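Q: Letter by letter, the chains look like this.
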Amino acid sequence: MIPFEYYVYLSLLLFCIGLVGVMLRRNLIILLVSLEIMMNALIVLFSAISRYSNDTTGYVVVFFLIALAAAEAGVGLSLVVLLYRSLKKIYTEDINYYRG
Amino acid sequence: MVGLNLNVGAFFLELILLVTGLFFFLVDRFISRKSYAFWICLLLCIFSGFIILFIPFGEFTKAFRNDFYSATLKFLLIFGFFFVVILAKEYLVTFRALEYGEFYGLLIFSLFGSFIMLSSQDFLTLFLGLELTSIPIYFLIATNFLYQRRSIEGAIKYFIVGALGSLFFILALGIFYYLSGSLYFDIILTKVAQGDRREEFLAGIVFLLVGFSIKLSLVPFHMWAPDAYEASPVPVTAYLAGFIKFAVLSALIKVLIIAFSPIKDDVGQLLLWVALLSILVGSVLAIIQENLIRLLAYSSIAHMGYALLGLVSGEYVGYGFSIFYGFVYLFMTLGLFSVIIYLYRYNRNILEISNLAGLAKELPLFSFMALIFLFSLAGIPPTAGFMAKFYVFVVLIKGGFLISAVLGLLFSVIGAYPYLRILKVIYMDRPSVSFNRGAFSFLTYLALYISAFLVILLGIYPQPAIEFIQRTLYLYLTFQFLHF
Chain A
1 MIPFEYYVYL SLLLFCIGLV GVMLRRNLII LLVSLEIMMN ALIVLFSAIS
51 RYSNDTTGYV VVFFLIALAA AEAGVGLSLV VLLYRSLKKI YTEDINYYRG
Chain B
1001 MVGLNLNVGA FFLELILLVT GLFFFLVDRF ISRKSYAFWI CLLLCIFSGF
1051 IILFIPFGEF TKAFRNDFYS ATLKFLLIFG FFFVVILAKE YLVTFRALEY
1101 GEFYGLLIFS LFGSFIMLSS QDFLTLFLGL ELTSIPIYFL IATNFLYQRR
1151 SIEGAIKYFI VGALGSLFFI LALGIFYYLS GSLYFDIILT KVAQGDRREE
1201 FLAGIVFLLV GFSIKLSLVP FHMWAPDAYE ASPVPVTAYL AGFIKFAVLS
1251 ALIKVLIIAF SPIKDDVGQL LLWVALLSIL VGSVLAIIQE NLIRLLAYSS
1301 IAHMGYALLG LVSGEYVGYG FSIFYGFVYL FMTLGLFSVI IYLYRYNRNI
1351 LEISNLAGLA KELPLFSFMA LIFLFSLAGI PPTAGFMAKF YVFVVLIKGG
1401 FLISAVLGLL FSVIGAYPYL RILKVIYMDR PSVSFNRGAF SFLTYLALYI
1451 SAFLVILLGI YPQPAIEFIQ RTLYLYLTFQ FLHF
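Chain order of the listed sequences is A and B.
Using our numbering, read the first sequence as starting at 1 and increasing by one per residue.
Using our numbering, read the second sequence as starting at 1001 and increasing by one per residue.
If you are wondering where the hints come from, they were derived from the structure by calculation, not from laboratory data.
Only a predicted model underlies this, so the values are computations on that prediction, with no experimental measurement involved.
Every residue gets a Cβ at the ideal spot worked out from N, C-alpha and C, and that includes glycine.
Any given hint could turn out to be false.
What the hints assert, rightly or not - Heads up, incomplete: computed chain A residues facing chain B, CB under 7 Å, no partners named:
(1) VAL44
(2) LEU77
(3) VAL81
(4) GLU93
(5) ILE95
(6) TYR97
(7) TYR98
Unchecked claim - Counterexamples of contact, computed for chain A against chain B with all Cβ distances above 10 Å:
(8) ASN27
(9) LEU42
(10) LEU83
Go ahead and model the full structure; you've got the sequences and the hints to work with.
A: Here it is, written out as C-alpha cells:
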C-alpha cells in the first residue's frame, strides 16, 4: 500500500505547480487551467486523508469541490470569452487599463 | 447514528431568498416593465426584516444553525441591503441597459450566501456561503461593460484573486481536517482546547486568514480592490465596500469565537501587523488618488484595518467593537455612495475629484451630507466614525498594545487628509463645471437621511447600539460554552 505521505507530496507538488502557473503564465486560459490544477491538488489531499482515516467527510467535501470547480470554470471562461469578444485581449499583460 | 434535526423553520428565511432569486431568473424574460423587480426586492427586505424576529432558533442538520449571533447579524445586514436595493434602483433609472430582474436576482443570491455563511456550523458550509457571496459579484461587475468596456478587466482581476483566495481557504480546511478528523466547529474547538498540535493549527489558521483577507482586501492581498471598485457599477461598489466587508468580517469573528477561542491571542498577534499595514497603505495611497471611487477603495482597505484592530487583543469585548465598526462603516459608505450616485446620474465626469469644485454653491444640501459622511470616514467627532475608532483603540490600549495604538492613531491622522482634501475642493474651490439639478426619488432621500441620522446619532449617543451588540455576544457565548 502506498504510504499517506506520498499523497501529500503529490498534492503539494500539484498545488505549487498551479500556483507557479497562476503567477507566471501569460495566457488567461492557461491561468484558468492552473487554477483547476490547484483545485485538483486539494481534491487529492482530501480523498487521501479520508482514505487513511476511514472517515467519509473528506469524500463529501470532494464532491462539493468538484461542483465548485465546475462553477468556477464556468464563471472564468464566460468572463474570458466576454473579454476576448469585446476587447480582443487574451494575455495578462494586456490587462493594464486600471493601475495605481 | 446521531439523530439529525431537520428543523425547516430555522431555514425559512434562506428558503424565501432562494425562491425569490430563482423567480427573477425564471420570469424576467416575460415581463416588460422591469421596475417590478425593485418593488419585489424592497418588499422582500421589509418582510425578512420582520420575519427574522420570529424565526425560531434551531438547527437544520448539523451544518446550519440559527442562533443569537446569526439572527442579530442578519438583521443588521438586511438593514444595509435595503439601502443597497434603493441605491441600485436610483442608479438603474438612468443606466437603463442594466435594468433587468437578474441584477436584483444576483444581489439576492449574494445576500443568501452571506446568510448561509453567518449561520454555518462547519467549515464546508462557511466556505460554500463565502463562494456564493462573491461569485454573483463577478457577474455584476462584468455587467458594467455596456457602459464602460474596460470593466471586464476589473472583473477578471477580482475573479482570479478571489479564486486563489478560495483555494487557500480549502487548503486550510484540509489542514484542519487532517488535524482534527472533522470540519465541525465544535469538534475543532475541543481539539484546539486540548492544546497539543498548537503550531499546526496556527499554520492552518494562517492559510485561513489568507483566504479571509483576500475577501476583506487586507494589505498583502489588496491589489484587486481599487480596480474592481472602479470597474463596477456604483451601487455594486457600495455593496462590495460596505455590505460584503461587514458580512465577511462577522463570519471571521464567528470562526474565531466558536472554533479557535483557546488560541485567539496568537491569532490576534498574527492580525496585528496585517491591520497596521492595512491602515498605513490604505491611508498613504489614498492621498495620491484622483478618482473618487479609487480613493474610497483605499479608504475601505484602511477601515478594514481599523476594524481588525479590535480582534488583536483577543478579548470578546473587542470582537463586539469590531462588529460595531463594521456596522458604522456600512452606513458611512452607503450614505456617501448615495450622494455619489445622485451626482453621477447628471454628470458622468464627477468621479474625478477636481470636477467636484464649487459643489457647495450649487447643491448646498448634498454638500453638507457629503461633509457629514466624509467627517465620519475621517474620524472627526461628533460622528459615528470617531466613536467606532475610539472604542477600538480603547480595547487595544487596555489589552496592553500601547505602541500599536499610538501607531494606529498616527496613521489615522495621515488617513484624514484625503477626505479633507475632497471637502476643500467642494467648499473652497472655484466652480469649473455647472451642475444641473434633477429629480431624486423619495426613497433615496429616505436612504440618505436615515444614514446621515444614524451616523450623527451613533456619534453622539452610541450606548444603545454598543450594548445591543455586546449583549448579543454575551448571550451567544453563554449559550455556546456554558452547557459543557
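Q: Give a verdict on every hint.
A: Verification of the supplied hints:
Given the 7 Å rule on beta carbons, the hint for VAL44(A) is violated: about 10 Å separates it from the nearest Cβ of chain B. For the restraint placing LEU77(A) at the interface with chain B, the shortest Cβ-Cβ distance is roughly 11 Å, beyond the 7 Å limit, so the hint is violated. Interface hint at VAL81(A): violated, since its Cβ lies 10 Å from the closest Cβ of chain B, which is beyond the 7 Å cut-off. The interface hint given for GLU93(A) is broken, as the beta carbon of that residue sits about 12 Å from the closest beta carbon of chain B, more than 7 Å.
Annotation: ILE95(A) was flagged as interfacial toward chain B, and the flag holds, the nearest CB pair being 5 Å apart, inside 7 Å. Look at TYR97(A): its Cβ gets to within about 4 Å of chain B, closer than 7 Å, so that hint holds up. Checking TYR98(A) against chain B by beta carbon gives a least distance of about 4 Å; that is within 7 Å, so the hint holds. Non-interface status of ASN27(A) relative to chain B is upheld: no Cβ of that chain comes within 10 Å, the nearest being about 13 Å off.
At roughly 5 Å, the least C-beta separation between LEU42(A) and chain B is not larger than 10 Å, which violates its mark as non-interface. Separation of LEU83(A) from chain B is inadequate, the least Cβ-Cβ distance of about 5 Å not exceeding the 10 Å criterion.
In summary, the numbered hints that this structure violates are 1, 2, 3, 4, 9 and 10.
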